[in-house]
Structure formats: C-alpha cells, structure tokens
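K.L.:
If you're matching them up, the sequences are chains U and C in order.
Per the numbering used here, the very first residue in the first sequence carries number 1; after that it's consecutive.
Per the numbering used here, the very first residue in the second sequence carries number 1; after that it's consecutive.
Everything labelled a hint here was simulated from the structure, so no lab data went into it.
Some hints could be false.
[Said to hold, decoys possible] To give an idea of the chain U side of the interface with chain C (calculated C-beta under 10 Å), a few residues:
#  : residue
1  : Ala19
2  : Glu38
3  : Asp39
4  : Met72
5  : Ala105
6  : Glu106
7  : Ser107
8  : Arg108
9  : Glu126
10 : Pro148
11 : Val151
12 : Ala153
Just so we're clear, the structure is a prediction, and the values are computed from it rather than from any experiment.
The beta-carbon is built from N, C-alpha and C at its ideal position, and this holds for glycine as well.
Listed below are the residues making up each chain.
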Amino acid sequence: VDGLRNEYRFETIRLWEHAERIRSGELAELAPLLVLCEDQPTEETLRRERGLILELEVPEKVRNDLLVLAAMVGRRFFRRETLEALFLEDREMLKEIDFVQEWLAESRREGAEEGLERGLERGREEGRTEMARRLALDLLRERFGDLPAAVVARIQSADAEWCADLARRVARAGSLEELDLT
Amino acid sequence: VSDKPPSESGKRPVRVVVDPVTEARWQAEYQELVRDFLTEMGWLDQWKAEAYLEGLRGETLRIMQEKFGDLPPALTGHIEAAGAEECRDLIRRAVRAGSIEELELS
C-alpha cells in the first residue's frame, strides 16, 4: 500500500545439494533426512541412515533422537513392517529416550498402584471377616460355654456375611442344634 | 494493522507479531510426534503394558516381603516371571496365607 513493502529473509539449506556429504559421514547428524534427498528412496537408504547414526560418536540421548527421527521420516516412504524389521535392534534404545521413559514410569506406577489397591482391598476384606468370626465365636461361647471343635472350625472357615447372620440368631437360639451348627 | 489512529501522514502503523517457537513448545510438539509414531508402530502400547506389569510384579514382591520377610529365590523368580493375572492371584492368596507354604505354589 502506497509503496509500503515488507521484506522477509529466510536462510535455507537445500538438503539434496549435501546428500553426498551426508552419505560420506561428513554431515552424519543429517542422516535421518537422507531419504528426503532421493526421489525414490530404498530400504538401502534407510539402512545407510541407520549405519551412519550408529557410527556417530554422540551422546546416547542424541543418537536415540536421531534414530527415532530416521524411523519417523522413513514412515513417509516405507511400510510399517519394513521399519519394524529395519529398526528391530534399535527398539530398546528408543525406549531409553528420556520422555518415553517418563511415559513408561507412569505405566509402572499405575501397575504398582493396582497391586497396592488389591492388597489393601483384600486386607480390609480379611480384617472384616476375621472380626465377624471372632464376634460370632464370642457370642456363642458366652451363651453356650465351650464349643465343639467342629463348630469352631466351621466358623473359622465362614465368610463375614454368614458370621453376621449367625450372630443375629444366637440371642434367640436355645441350643447349638437350633443354629444348625452341629 | 494497528488499531492506533492514523498518523499525520494518514497511514496506520503496522505491527508484526512474531510467534517464536520456544524450546518448550518445540519439545512438546516433538514429543507428540514421537508418541504418535510409536503408537502407530504398536511399540508404545507394548512397552506400556510391559511397564505396567513390572509395576504390578514389583508391588506383589513388596507385599510378599512385607508379609513373609525374605523370600526364597524360587518365589522371587516365580513373581518376576508372573503375568498380571498370576500377580493378582498371588496378592489375594498372600493376604490370606499365614506362611509361604500356604501359598501352595505349583
């Protein structure tokens, strides 16, 4: 408008012009992008990328990032099965990527929480059953004195609901027979 | 175009807002891409299931140790190789059992 003009400048790298330098290892950090330099990349291109990355002397974190990047860019050109086969040996390394580790730590925590919950739940259940058995035995002993071993054994293997029902009936019963315990 | 009134020349000043790609935003987007990729490959779900099982096994071991003290290596090995259902069953039995023998492991 009225001669007003904005000008933007961007620096660009024409990757394909450096393909040979990437292949030779001079720019090995760009190896994950090698497939983009070829019109029809082949599995060999991916294998070359992988080889270049694994040969790089970089921290493990960087190597893992480059590997996952190579696989991700490769997905644009290759089938899942091809990548699966090519990166089979690297899967454990990809698992070590720090944020992947965080995701897995969360799953680990969830597994531990389930175990803890189940343990507590069973503990509460067992506690409730134990208390109901003790209550039933106390009430029976108070009313009928010493109990036959078979009656004690029966109560000690009963669940909480059965014991609670028994405890309700003890007050009205005149004998153990009436409670169907003998 | 700015909402400020035109200057004396009658032109409105132009304000260009640059939205910088911050390191945090770049990281978040990168992680999202990796997550999508690993999920599509079926690897992430598999790893998560393995990690979940690890957590469950770890807690099973902890409950057993708390209840019975030091565990025989065979039992530790049994738990470390157990599947999720086996762990759940072990926890259930461990709470009831008075001793390791009562667990009746095959």
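K.L.:
Holds or violated: is there a CB of chain C closer than 10 Å to the CB of Arg108 of chain U?
P.N.:
Since the shortest Cβ distance to chain C is 4 Å, the answer is holds.
K.L.:
For the hint on Met72 of chain U, does the least C-beta distance to chain C fall short of 10 Å?
P.N.:
OK, holds: Met72 of chain U within 10 Å of chain C, min 5 Å.
K.L.:
Report holds or violated for the interface hint on Pro148 of chain U, using the least CB-CB distance to chain C and a cut-off of 10 Å.
P.N.:
violated, 24 Å
K.L.:
Let's test the interface hint: is any C-beta of chain C closer than 10 Å to that of Ser107 of chain U?
P.N.:
The hint holds - Ser107 of chain U has a Cβ within 10 Å of chain C, the shortest such distance being about 4 Å.
K.L.:
Does Ala19 of chain U meet its interface restraint, that is, does its C-beta lie within less than 10 Å of any C-beta in chain C?
P.N.:
violated, 24 Å
K.L.:
Does the closest beta carbon of chain C sit nearer than 10 Å to the beta carbon of Ala153 of chain U?
P.N.:
violated, 16 Å
K.L.:
Taking the closest Cβ pair, is Val151 of chain U under 10 Å from chain C?
P.N.:
Where the cut-off is 10 Å and the nearest Cβ of chain C is about 22 Å from Val151 of chain U, the hint is violated.
K.L.:
Return the status of the interface hint for Glu38 of chain U: holds when the least beta-carbon distance to chain C is below 10 Å, violated otherwise.
P.N.:
Since the shortest Cβ distance to chain C is 21 Å, the answer is violated.
K.L.:
Double-check Glu126 of chain U for me: the hint is only fine if its C-beta lies closer than 10 Å to a C-beta in chain C.
P.N.:
holds, 5 Å
K.L.:
Minimum Cβ distance from Glu106 of chain U to chain C below 10 Å?
P.N.:
Holds: closest Cβ of chain C sits about 8 Å from Glu106 of chain U, inside 10 Å.
K.L.:
Given Asp39 of chain U as an interface hint, is its Cβ closer than 10 Å to any Cβ of chain C?
P.N.:
violated, 24 Å
K.L.:
Using Cβ atoms only, decide whether Ala105 of chain U comes closer than 10 Å to chain C, and label the hint accordingly.
P.N.:
holds, 7 Å
Checked against the numbered hints given earlier, this structure breaks hints 1, 2, 3, 10, 11, 12; the rest are met.
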